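Colleague: Protein sequence lines, in the order shown, are assigned to chains A and B. Per full-length UniProt numbering, the first sequence starts with residue 1, numbered consecutively. Per full-length UniProt numbering, the second sequence starts with residue 1, numbered consecutively.
Simulated from the structure, these hints should not be mistaken for laboratory data. There's no promise every hint is true.
[Claimed, not checked] Mimicking BS3-like on lysine-lysine, the simulated pairs with C-alpha atoms at most 30 angstroms apart in a straight line are:
1. A:Lys28 / B:Lys157
2. B:Lys121 / A:Lys121
3. B:Lys143 / A:Lys81
4. B:Lys81 / A:Lys28
5. B:Lys28 / A:Lys143
6. A:Lys112 / B:Lys81
7. A:Lys81 / B:Lys121
8. A:Lys28 / B:Lys112
9. A:Lys112 / B:Lys157
10. A:Lys102 / B:Lys121
11. B:Lys143 / A:Lys102
12. B:Lys112 / A:Lys143
13. A:Lys157 / B:Lys28
14. B:Lys157 / A:Lys102
15. A:Lys28 / B:Lys143
16. A:Lys81 / B:Lys112
17. A:Lys121 / B:Lys112
18. B:Lys121 / A:Lys112
Computed from a predicted model, the values in this text were never measured in an experiment.
Protein chains: 2
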Amino acid sequence: MSVTDELLANNAAYVEQFTGPLPLPPSKHVAVVACMDARLDVYRVLGLNEGEAHVIRNAGGVVTEDEIRSLAISQRLLGTKEIILIHHTDCGMLTFTDDEFKRSIQDEVGVKPPWAAESFKDLDEDVRQSIGRIRNSPYVPVKDSIRGFVFDVATGKLTEVA
Amino acid sequence: MSVTDELLANNAAYVEQFTGPLPLPPSKHVAVVACMDARLDVYRVLGLNEGEAHVIRNAGGVVTEDEIRSLAISQRLLGTKEIILIHHTDCGMLTFTDDEFKRSIQDEVGVKPPWAAESFKDLDEDVRQSIGRIRNSPYVPVKDSIRGFVFDVATGKLTEVA
Chain A
1 MSVTDELLAN NAAYVEQFTG PLPLPPSKHV AVVACMDARL DVYRVLGLNE GEAHVIRNAG
61 GVVTEDEIRS LAISQRLLGT KEIILIHHTD CGMLTFTDDE FKRSIQDEVG VKPPWAAESF
121 KDLDEDVRQS IGRIRNSPYV PVKDSIRGFV FDVATGKLTE VA
Chain B
1 MSVTDELLAN NAAYVEQFTG PLPLPPSKHV AVVACMDARL DVYRVLGLNE GEAHVIRNAG
61 GVVTEDEIRS LAISQRLLGT KEIILIHHTD CGMLTFTDDE FKRSIQDEVG VKPPWAAESF
121 KDLDEDVRQS IGRIRNSPYV PVKDSIRGFV FDVATGKLTE VA
């Protein structure tokens, strides 16, 4: 049995105790942008329940064009007003450089990705970079509360980046 | 108190019962790509525990360049092998067109986004589109198990898209 089949079997148990449906717009009017890291269960870390917040995730929790797209839709069409950014300790993005990652792909498949891999060397600095990218975008209208945090994978604690 | 402050207070309770740290690579070698929708708690829907799977999310659960970047890092650097795609019923992406959304932004702020909004009219078709984009990418190496599902927000059930 594949892992996918195993997770589908888990879904049957979820259905048994499901109590929805809930409304489409997030009831707490918050959008979270976080790293895809497996150890970062955003709902549990923030005590969120189903229906309360949009959750946007990618490698690093960085802000690229696709996160601006998602935040624009989140705020303009679904009414979110606060943004929470979450990077974390022991992140894979700290372990390589864009140059070496893209070179390894080029060597293997013959073409170099036309995108930045978005690796970084400093967690706090990259959180501030992500906040800056949102602040710089004309497409995200509500910028009153954009706050950035680092999640400690050893303790579960969020620390705000000054 | 802002919602962000309220969620930070929740984090203190999470820290109290935290039992990490866990290893960096996802132990089930799976990456999930899902919509950012607030009602879709990916860990609960699939019965995932912390540390088991990468979770990538955006508006629609669509595959753009940033999801290819995340999947490339997930597979090449962190060893995931299976991909699960999840769209869902009652999705906001079904409620507008790219043309009207981008026109409304242009009318308000004076510049039209250079990106596609990625709205769609058919859930199953868009899941297949997302699978196709991954299959077409030279940067995602492992394509043996790429399966797509629609999550029913009324029942909690995942249905595989043929």
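Colleague: Compare the structure with each hint and give your call.
Modeller: Checked hints:
1. Restraint check for A:Lys28 and B:Lys157: satisfied, since their Cα atoms lie roughly 24 angstroms apart, inside the 30 angstroms limit.
2. In summary, the hint linking B:Lys121 to A:Lys121 is not supported, as the alpha carbons are separated by about 41 angstroms, beyond the 30 angstroms threshold.
3. About 38 angstroms separates the Cα atoms of B:Lys143 and A:Lys81, which puts this hinted pair outside 30 angstroms; it is violated.
4. Between the alpha carbons of B:Lys81 and A:Lys28 the distance comes to roughly 35 angstroms, so the proposed pair goes past 30 angstroms and is violated.
5. Restraint check for B:Lys28 and A:Lys143: not satisfied, since their Cα atoms lie roughly 37 angstroms apart, outside the 30 angstroms limit.
6. The straight-line distance between the Cα atoms of A:Lys112 and B:Lys81 is roughly 22 angstroms, inside the 30 angstroms bound, and the hint therefore holds.
7. Simply put, A:Lys81 and B:Lys121 have alpha-carbon atoms about 27 angstroms apart, close enough for the 30 angstroms limit, and the pair holds.
8. For the proposed pair A:Lys28 and B:Lys112, the alpha carbon gap of about 29 angstroms is at most 30 angstroms, so the pair holds.
9. Between A:Lys112 and B:Lys157, the direct Cα distance comes to roughly 39 angstroms. Violation of the 30 angstroms bound is thereby established for this hinted pair.
10. At roughly 35 angstroms between alpha-carbon atoms, A:Lys102 and B:Lys121 are farther apart than 30 angstroms, so this suggested pair is violated.
11. Restraint check: the Cα-Cα separation between B:Lys143 and A:Lys102 comes to about 20 angstroms, which is no more than 30 angstroms; the hinted pair holds.
12. Of the supplied pair hints, the one linking B:Lys112 and A:Lys143 holds, its CA atoms being roughly 19 angstroms apart against a limit of 30 angstroms.
13. With a CA separation close to 24 angstroms, the supplied pair A:Lys157 and B:Lys28 stays within the 30 angstroms bound.
14. Straight-line distance between C-alpha atoms of B:Lys157 and A:Lys102 comes to about 39 angstroms, which puts the hinted pair past the 30 angstroms bound.
15. With a C-alpha separation of about 37 angstroms, the suggested pairing of A:Lys28 with B:Lys143 is violated against the 30 angstroms cut-off.
16. Straight-line distance between C-alpha atoms of A:Lys81 and B:Lys112 comes to about 22 angstroms, which keeps the hinted pair within the 30 angstroms bound.
17. Among the hinted pairs, A:Lys121 with B:Lys112 is inconsistent with the structure: their alpha-carbon atoms are about 33 angstroms apart, more than 30 angstroms.
18. Our distance criterion of 30 angstroms between C-alpha atoms is broken by B:Lys121 and A:Lys112, whose separation comes to about 33 angstroms.
Hint violations for this structure: numbers 2, 3, 4, 5, 9, 10, 14, 15, 17 and 18, all remaining hints satisfied.
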